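My request is simple: use the sequences and hints to build the entire structure.
The opening residue of the sequence shown carries number 5 in the numbering used here; numbering runs sequentially from there.
Mixed in with the good hints, there may be bad ones.
What the hints assert, rightly or not - Straight-line C-alpha distance at most 27 angstroms; calculated DSS-like pairs for lysine-lysine: (1) Lys-113 to Lys-87; (2) Lys-236 to Lys-87; (3) Lys-236 to Lys-56; (4) Lys-87 to Lys-221; (5) Lys-236 to Lys-221; (6) Lys-113 to Lys-56; (7) Lys-113 to Lys-221; (8) Lys-56 to Lys-87.
To be verified - Label-pair ranges, simulated between beta-carbon atoms: (9) Thr-93 to Phe-190: 53 to 63 angstroms; (10) His-230 to Ala-139: 14 to 24 angstroms; (11) Gln-176 to Thr-233: 17 to 27 angstroms; (12) Tyr-84 to Leu-198: 48 to 58 angstroms.
What the hints contain is simulated information worked out from the structure, not anything from laboratory work. None of these values were measured; they are calculated from a predicted model. The beta-carbon is built from N, C-alpha and C at its ideal position, and this holds for glycine as well.
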Amino acid sequence: MQSYRSTEQPAEVPNGVMHSGSVLSNADYSVSVIEDAAQLVNEPIRFYSQFKDHMEMCADAGTVAQYLDQHHEWFRRCAYPMKVEPIGTNSYALLIGRFGSFGYEVEPKIGLDLLPQQEGVYRIETVPVPGYSAAGYDVDFRAAMELVEAPFGDGHETHRDHGIQPAITRVQWQLDLTVMIQFPRFIYALPKALVQSTGDRLLRQIVRQVSTGLTRKVLEDFHQTHGLTIPKRSNPWFFRRSAIDSEIDLESKSIDE
Numbered sequence: 005m006q007s008y009r010s011t012e013q014p015a016e017v018p019n020g021v022m023h024s025g026s027v028l029s030n031a032d033y034s035v036s037v038i039e040d041a042a043q044l045v046n047e048p049i050r051f052y053s054q055f056k057d058h059m060e061m062c063a064d065a066g067t068v069a070q071y072l073d074q075h076h077e078w079f080r081r082c083a084y085p086m087k088v089e090p091i092g093t094n095s096y097a098l099l100i101g102r103f104g105s106f107g108y109e110v111e112p113k114i115g116l117d118l119l120p121q122q123e124g125v126y127r128i129e130t131v132p133v134p135g136y137s138a139a140g141y142d143v144d145f146r147a148a149m150e151l152v153e154a155p156f157g158d159g160h161e162t163h164r165d166h167g168i169q170p171a172i173t174r175v176q177w178q179l180d181l182t183v184m185i186q187f188p189r190f191i192y193a194l195p196k197a198l199v200q201s202t203g204d205r206l207l208r209q210i211v212r213q214v215s216t217g218l219t220r221k222v223l224e225d226f227h228q229t230h231g232l233t234i235p236k237r238s239n240p241w242f243f244r245r246s247a248i249d250s251e252i253d254l255e256s257k258s259i260d261e
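The structure is reproduced here in structure tokens:
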């Protein structure tokens with residue numbers, strides 16, 4: 005099992021947002037905070053991030069699509085340890101986990117709709133969770149996954165013994181994530197760096213739990229259920245992020261470090 009250690013820096017909150025008396029594989033990740041300079045102190049702050057990644061599945065696109073279409077069989081298993089409950093034919097409610105700073109805590113819960121594929125493209129969008137009202141935050145999660153099949157190249161292991169045509173399907177995906185946070189008034193009186201770190205932490209939590217962690221487990225689950233070995237070149241724990249004003253490198257590290 006591998007993990008990564010981040011040297012990332014928070015995205016910069018533009019001037020005017022704060023009031024002195026008053027909030028796998030190669031990848032690109034950007035975080036920005038977008039607000040009007042005339043924002044009132046009691047209005048929510050909008051945090052936005054974009055994340056691109058890919059994973060390689062050791063099978064043809066048809067086999068991968070058949071697996072992804074049966075999400076009711078693997079989604080809850082792969083989403084663990086997040087708490088998951090079905091709220092529709094293709095939708096689930098996920099409890100991301102509790103986090104907090106400076107006495108302010110939130111336990112994000114979001115509804116995700118896994119839309120049926122259209123010409124090899126899968127989309128995931130947020131949907132309301134019945135009977136649930138988010139207090140102090142709103143999450144807009146929009147992801148798109150595309151299946152791109154290619155023959156095995158040099159360096160990839162073949163799996164003819166398993167009766168699988170030697171092909172690689174690259175699952176390329178992009179996540180656009182927007183989080184609106186209504187902080188308590190005392191938070192707005194803190195320095196900008198502390199406020200932005202609170203918002204960035206929520207973004208990282210959602211990306212890590214819902215995207216990075218879920219993607220890794222789906223990759224492992226697919227190959228395990230099909231009796232295959234993960235392609236050697238496929239490494240979902242190594243990717244690069246770039247923030248709005250700085251570049252951030254994440255590298256695979258031993259879990260013992």
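Do the hints match the structure? See the list:
{"no.": "1", "hint": "Lys-113 to Lys-87", "in the structure": "holds (9 angstroms)"}
{"no.": "2", "hint": "Lys-236 to Lys-87", "in the structure": "violated (31 angstroms)"}
{"no.": "3", "hint": "Lys-236 to Lys-56", "in the structure": "holds (20 angstroms)"}
{"no.": "4", "hint": "Lys-87 to Lys-221", "in the structure": "holds (15 angstroms)"}
{"no.": "5", "hint": "Lys-236 to Lys-221", "in the structure": "holds (16 angstroms)"}
{"no.": "6", "hint": "Lys-113 to Lys-56", "in the structure": "holds (23 angstroms)"}
{"no.": "7", "hint": "Lys-113 to Lys-221", "in the structure": "holds (20 angstroms)"}
{"no.": "8", "hint": "Lys-56 to Lys-87", "in the structure": "holds (25 angstroms)"}
{"no.": "9", "hint": "Thr-93 to Phe-190: 53 to 63 angstroms", "in the structure": "violated (43 angstroms)"}
{"no.": "10", "hint": "His-230 to Ala-139: 14 to 24 angstroms", "in the structure": "violated (42 angstroms)"}
{"no.": "11", "hint": "Gln-176 to Thr-233: 17 to 27 angstroms", "in the structure": "holds (21 angstroms)"}
{"no.": "12", "hint": "Tyr-84 to Leu-198: 48 to 58 angstroms", "in the structure": "violated (33 angstroms)"}
Violated hints for the displayed structure, listed by number in ascending order: 2, 9, 10 and 12.
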